[in-house]
Amino acid sequence: MSDGLAILHIRLQRFVLRLWRHKRLDWPLMGALLLLALTGLMTLYSAGNENPRLVINQAVRFALGGLLLIVISRIPPRELRTWTPWLYVFSVLLLVIVAVLGEGKGAYRWLDLGIVRFQPSELLKLTTPMMAAWYLHPRHLPPSWKHILGLAVLIGIPVALIAEQPDLGTALLVATAGAFVLFLAGMGWRRIVLLLGLAALAAPVAWHFMHGYQRQRVLTLLNPESDPLGTGWHIIQSKIAVGSGGFFGKGWLHGTQSHLDFLPEHSTDFVFAVFAEEFGLFGVLLLLALYLFIVGRCLWIASQARETYARLLAGSIAMSFFVYVIVNGGMITGLLPVVGVPLPLVSYGGTSAVSLLAGFGVLMSIHAHRKLLK
Amino acid sequence: MSLTRPRIKDERREGYLFRVRAVTGFALILLAMLVLATRFFWLQVVEHDEYASRSTQNRVRLRALPPPRGLIYDRNGVLLADNVPAFRLDVVPERVKDMPAMLARLGTIVPLSKEDLKDFRRSLKSHRAFQSVPLKMRLNEDEIDRFAVNRWRFPGVDVVPYLSRHYPQGALFAHVIGHVGRINAEELRHLDADRYDGTTHIGKTGIEKYYESVLHGEPGYEVVEVNADQRVQRVLQTHPPVPGKNLYLSLDARLQKAAYDAFQGQAGAAVVLDPRNGQVLAMVSVPSFDPNLFVGGISSSDYRQLLEDPEKPLIDRAINGGYQPGSTLKPYIGLGGLELGLRTPSDTVLSTGVFYIPGQERGYRDDQRYGAGRVDLEQAIEQSVNTYFYKLALDMGIDKLSRWMAGFGFGKPTGIDLPGESSGVLPTRAWKRAFRHQPWYLGETVIAGIGQGYWVVTPLQLAHALSTLADGGIPRPPHLLLATQDGVDGPRHQAAQPAAGKRIPYDAADWQTVLDGMLAVVYGKKGTARGLGDGFPYLIAGKTGTAERYSRTTKAYQDRSNLKALARRHRAWFEAFTPAKDPRVAVVVEVDRGAWGGSVAAPIARKILNAWLNDQASPPPAGSTPPENLP
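Which chain is which? The protein sequence lines are S and H, in order. Going by my numbering, the first sequence runs without a break in its numbering and finishes at 374. Going by my numbering, the second sequence runs without a break in its numbering and finishes at 1005.
Among the hints, a few may not be true.
To be verified - If you want a taste of the chain H side facing chain S, the calculated C-beta under 8 Å gives, among others:
no.: 1; residue: 400
no.: 2; residue: 405
no.: 3; residue: 422
no.: 4; residue: 425
no.: 5; residue: 606
no.: 6; residue: 607
no.: 7; residue: 910
As the list claims (entries may be wrong) - Now the stretches of chain H that chain S is said to cover, found in silico as 3 or more residues with beta-carbon under 8 Å:
no.: 8; segment: 391 to 399
no.: 9; segment: 589 to 602
What the hints assert, rightly or not - Calculated from the model, a selection of chain H residues having no Cβ within reach of chain S, i.e. all distances over 12 Å:
no.: 10; residue: 414
no.: 11; residue: 439
no.: 12; residue: 495
no.: 13; residue: 638
no.: 14; residue: 667
no.: 15; residue: 688
no.: 16; residue: 696
no.: 17; residue: 716
no.: 18; residue: 878
no.: 19; residue: 922
Quick caveat, the hints were computed from the structure, so don't treat them as lab data. The beta carbon of each residue, even a glycine, is placed where N, CA and C say it ideally should be.
All chains, full assembly: derive it from the sequences and hints.
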């Protein structure tokens, strides 16, 4: 009996030691992620009106995501690369299923698997850049027009499906993740400018295809005070929360905008406003610095990779990650329209946290296998 | 190109290209970050003050604290009007999206009567959308519990504690104390909105109405923190209200009860005054009603019942009941005859049963069928001989008569501290011209001499006149308020008593003659209230009155036998004061349907005097706190 326990104890010790010395994990990045997760849990505790269940739920998801991160970090990028087309096809298929199931039901984004519900579009945030990197991996870089066109199709399919759900925010993010691959692959500046110009010209067309509520959000952004109790409420209350925070904030658990429910969605999309209200500009700058460090570290890891696929994928994940921060931060400060983009690893939500950590797993894997590749 | 000359992938070059792009990307990210940080700086530092104040406006509200209403006590400190804690439902209209649907849903949880809804709809119109409007008063515990469970379904609806008025003596003081009721739209328009912020009730009748400004107090306010649903989370600051002043009235609850009980349910009124100072010791109107019904909003069936009751319990007979005073006026007119030099105490008149104005055919009857024979003033008062006064009135003429009687306060309000007092009618040529558009006829002077015809007097007016007569001709306006008090343990301030009016000059010897007549009413062999003073330690001076409600030319009058039938047509009066030499109490009793003043009203007056006597000897009732140094 005690022997068994002793063996278990030794095994546990060795496992921890192995993990500690694990070359596969980049500890500065891990530390930064851990710090971010803790900040997230702390903010959630306050945003959820000091309800410990919210924090426990989120911690469980972090643990799950962390486990996934470690598992993925053990898979060599080469393996990932071979699976990539299948993963891509699989995730697009899920989107199709959602589209079929959601026929005539308005916004339909969820897939109910009984135990867990998840948004397949969230999966595409990872599989789309993977596919793009896979596509460019054997090609000569910078990509030619032909390859750009090919990529446009590969990215366009999931983006169109997601935009149709309709979830314009996620569609744009998925498109951005794919576009980052092209950018990092060295696509010429002229071509970039040309494509951006075309996109700008296409904007009125996009406006035409937008749903009423999406147009409303854009209009509200332009003048939130025009409808202070309706759509503008979110933006006004969020700006009040941020602005009233001042330099040092109102203090943890002392945010009035969130605790008195003036701030809507204060544990999910608007959690950053809660943070800004309670910790002020000082806290916001520290948090942004933390995000910046994570992105910088990821880009550094990406540049260490010797393989095109790994490099492009890692770079795209890193830059996409930061886009979430910018979009969310822009939204809560009234710079960008209200789109459902969570603040990475701080907003309450399972799919986002798990898929983000899975992405970091890919990065860890690339980091771990950097020297093995030649 | 790639088809003709396949290139080998240049990993080193591509790696370099990537690093350049990664650095460029990072630079772009830094730029975006800078923009975002600037935005935060703008909101949190540059515009911080504005957003901080908007955040405060969001969560901080001022809430009025209505002042507790002053309590009302009798002269011995017996509580007549109290405040009891209660709960009501309040609605903030702007927080309710669909009012009819909400009310329908709420009605399934807390029963809402038609009156509640009607009142609510009416006050909705007069309130601003952000002001809370009371929907239902005095919730019971069951209703509070059921609403508490369902509260989340009703944004903008809340249970609010408040102080509800309660009248522990019930019907006993219903008319004189009056009652409070919900502020209606009309009242709201005239009220000072700041003073009445948060107040739901206002004095509607009686003392409650007359002393509204004293009883109300000054509202305070509190600074509260609310959430997005406008529900109060906590109180940040409190500025307490100044409670309304407590009132001490001259009424004596024991005497009031004795007076009320003495009527044994017969419709009528009684007023008891202290002739030395005009203080009202008791004032009852029977039948009465429970004033507590009106506080929480009376149901329409209860209200209809009160309105349709043939005895009209809502009318305060003491100050609004206008009746013919009948023979009760004889002492005043008799004294007038002496003072105006028209009669001497020994002058006599022959009463034959019918009096004729010279040259006219119509006869004016005496009470006794064949008359009382030759009588002087004392006897005329003792036996209430009409002929004496017919003739006296005729000799006086209506102008002198009404001028003399006006000195006793007839025909105008007494000036008591109660709202809506009636002025009655003092018959004059001017009055008849103004209201009847007719000249004055001689026959009307004759019947005015016995308190009939156009005379209209309230019981309070008669009591006031009696006090004036008894107290040497000095008219003192009846008054209820003795003292005010700031808070239950606060000091008491004596209320200013109204100034006495101009003394009616009359000779002591003439007064003695009239007084002897009034004593003879009680103690004389032929007195109309003989035997009334038996066993009473002080001499009682009194006068009966029997006023006609309907015509006298019926058989029942002729036989004097059918008292029940007589009662239907007669109103019985009795006025009395005691001790005769140094009057300390004056009583007027009016019974709507009494056969004769002496037989119906006088015994009630005696019971009241007995109670008064008991009160003089016994200590104030237990549990009361008699105010010190009160007159």
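Review point. Would the least Cβ to Cβ distance between residue 688 of chain H and chain S come out above 12 Å?
Key: At about 48 Å from chain S, residue 688 of chain H clears the 12 Å cut-off, so the statement holds.
Exercise for review: Could you check if residue 422 of chain H really has its C-beta closer than 8 Å to a C-beta on chain S?
Suggested key: 5 Å, holds
Practice item. Just double-check residue 922 of chain H for me: nearest Cβ-Cβ distance to chain S has to come out over 12 Å. Key: Residue 922 of chain H is indeed farther than 12 Å from all Cβ atoms of chain S, at 72 Å.
Review point. Is the hint on residue 910 of chain H kept, meaning its closest Cβ partner in chain S is under 8 Å away?
Key: 74 Å, violated
Review point. Does residue 606 of chain H pass the interface check with chain S, least Cβ-Cβ distance below 8 Å?
Key: 11 Å, violated
Practice item. Identify whether the interface hint at residue 607 of chain H stands, where standing means a beta carbon of chain S within less than 8 Å of its own. Key: With Cβ-Cβ at 6 Å, under 8 Å, it holds.
Review point. Was the hint right that residue 400 of chain H lines chain S, CB cutoff 8 Å?
Key: At 6 Å from the nearest chain S Cβ, residue 400 of chain H passes the 8 Å test, so the hint holds.
Review point. Is the nearest CB of chain S more than 12 Å from the CB of residue 638 of chain H?
Key: 63 Å, holds
Exercise for review: Let me know if the C-beta of residue 425 of chain H comes in closer than 8 Å to any C-beta of chain S, holds or violated.
Suggested key: 3 Å, holds
Check your understanding: Minimum Cβ separation between residue 716 of chain H and chain S greater than 12 Å?
Key -> 85 Å, holds
Review point. Does the claim that residue 439 of chain H lies off the interface hold, with its Cβ farther than 12 Å from every Cβ of chain S?
Key: 22 Å, holds
Exercise for review: So, residue 405 of chain H near chain S? Judge it on the closest CB pair being under 8 Å.
Suggested key: At about 10 Å, which exceeds the 8 Å cut-off, the nearest Cβ of chain S leaves the hint on residue 405 of chain H violated.
Hints 2, 5, 7, 10, counting from the list given before, are not met by this structure.
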